[in-house]
Amino acid sequence: QKEVEQNSGPLSVPEGAIASLNCTYSDRGSQSFFWYRQYSGKSPELIMSIYSNGDKEDGRFTAQLNKASQYVSLLIRDSQPSDSATYLCAVMGSSNSGYALNFGKGTSLLVTP
Amino acid sequence: GAVVSQHPSWVICKSGTSVKIECRSLDFQATTMFWYRQFPKQSLMLMATSNEGSKATYEQGVEKDKFLINHASLTLSTLTVTSAHPEDSSFYICSARDLGGVVNIQYFGAGTRLSVL
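Quick note, the sequences are listed as chains A and B, same order.
Per the numbering used here: the first sequence = residues 1 to 113.
Per the numbering used here: the second sequence = residues 1 to 117.
The hints are simulated quantities; they were obtained by calculation from the structure and are not laboratory data.
Beta carbons are placed, not taken as given, at the ideal position from N, Cα and C, and that holds for glycine.
Treat the hints with care, as some may be off.
[Said to hold, decoys possible] Just a sample of chain B residues kept apart from chain A, beta carbon distances all over 12 Å, derived: (1) Ser18; (2) Phe28; (3) Leu44; (4) Glu59; (5) Asp65; (6) Ser83; (7) Pro86.
[As the list claims (entries may be wrong)] Residues of chain A placed beyond 10 Å of chain B at every Cβ, according to the derived structure: (8) Gly16; (9) Asp27; (10) Met92.
[Stated by the list, open to error] Simulated DEER-style distance windows between Cβ atoms: (11) A:Arg60 to B:Ala110: 35 to 45 Å; (12) B:Ser73 to A:Tyr51: 22 to 32 Å; (13) A:Leu11 to B:Ser83: 36 to 46 Å; (14) B:Leu117 to A:Ala68: 48 to 58 Å; (15) A:Gln80 to B:Ser83: 39 to 49 Å; (16) A:Asp55 to B:Cys13: 43 to 53 Å.
Please model the complete structure; the sequences and the hints are all you need to start from.
This is how it looks when you write it as structure tokens:
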């Protein structure tokens, strides 16, 4: 069973602070990693994708990948109340699985004004 | 970005009836689409991988005779929940890979909330 683990939270941060979300995965052969944001009752929305070790920045978001440690993280700078949502870590399977995504259970983030 | 349209967004049906959900890629072609199910407070669980022109691949524990998948064209996949029961009530979400774009990216439909009475 290929697993993706996330702390369910809730993670509460004050407005303007940095939110740090973490994810570990079990399949050492995984190559593609994604962070999705999901508001209650809505479909997931892609925030970041990362494929290589290191950091990838896009606006207020930074994804970090460490394949040796099988660890992916997402940093949200200058957190806003509108960032309050569930953040899903997803790991893409191999071609044998048709490149399906394996999701973690998600971390609930609450940004307080 | 690429758009995936999913209909209906909400359906309420009586136990024993069948419900069809459509997933369309509006501005790109997708040989592969995915169907996920999400129960309250749970993550998305892959149900099946839909392949254009061939049979779908179902995940362990998903009944293929209950969840019928048809992927007849490069832009349309359908999921039919046959003889639905209350335990099938869930949020069903499809996604598609854009062949002409960044192939690792999946685009999600808006989801279908199914309530079986």
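Evaluated hints:
The Cβ of B:Ser18 lies farther than 12 Å from every Cβ of chain A, with a closest approach of about 23 Å, so its non-interface assignment holds. No beta-carbon of chain A comes within 12 Å of the beta-carbon of B:Phe28; the shortest separation is about 15 Å. Annotated as non-interface, B:Leu44 brings its C-beta within 12 Å of a C-beta of chain A; the closest such distance is 5 Å. The beta carbon of B:Glu59 sits about 9 Å from the closest Cβ of chain A, which is not more than 12 Å, so the claim that it is off the interface is violated.
Taking the minimum C-beta to C-beta distance to chain A, about 21 Å, the non-interface status of B:Asp65 holds against the 12 Å cut. Listed as a non-interface residue, B:Ser83 keeps its Cβ farther than 12 Å from every Cβ of chain A; the least gap is roughly 26 Å. Distance to chain A confirms B:Pro86 as a non-interface residue, since its nearest Cβ pair spans about 19 Å, more than 12 Å. Every CB of chain B lies more than 10 Å from the CB of A:Gly16, the least distance being 29 Å, so the non-interface label holds.
Remark: the non-interface label on A:Asp27 is consistent with the geometry, its nearest Cβ contact in chain B lying 14 Å away (cut-off 10 Å). For A:Met92, the shortest C-beta to C-beta distance to chain B comes to about 6 Å, within the 10 Å cut-off, and the non-interface label is violated. Here the CB-CB span from A:Arg60 to B:Ala110 is close to 25 Å, at odds with the stated 35 to 45 Å. At about 30 Å, the beta-carbon gap between B:Ser73 and A:Tyr51 stays in the expected band of 22 to 32 Å.
For A:Leu11 paired with B:Ser83, a C-beta distance near 41 Å keeps the hint of 36 to 46 Å intact. Restraint check, B:Leu117 to A:Ala68: a C-beta distance of roughly 51 Å satisfies the suggested window 48 to 58 Å. A hinted range of 39 to 49 Å holds for the C-beta pair A:Gln80 and B:Ser83, which are about 45 Å apart. For the pair A:Asp55 and B:Cys13, the beta carbons lie near 47 Å from each other, so the given range of 43 to 53 Å is met.
Hint violations for this structure: numbers 3, 4, 10, 11, all remaining hints satisfied.
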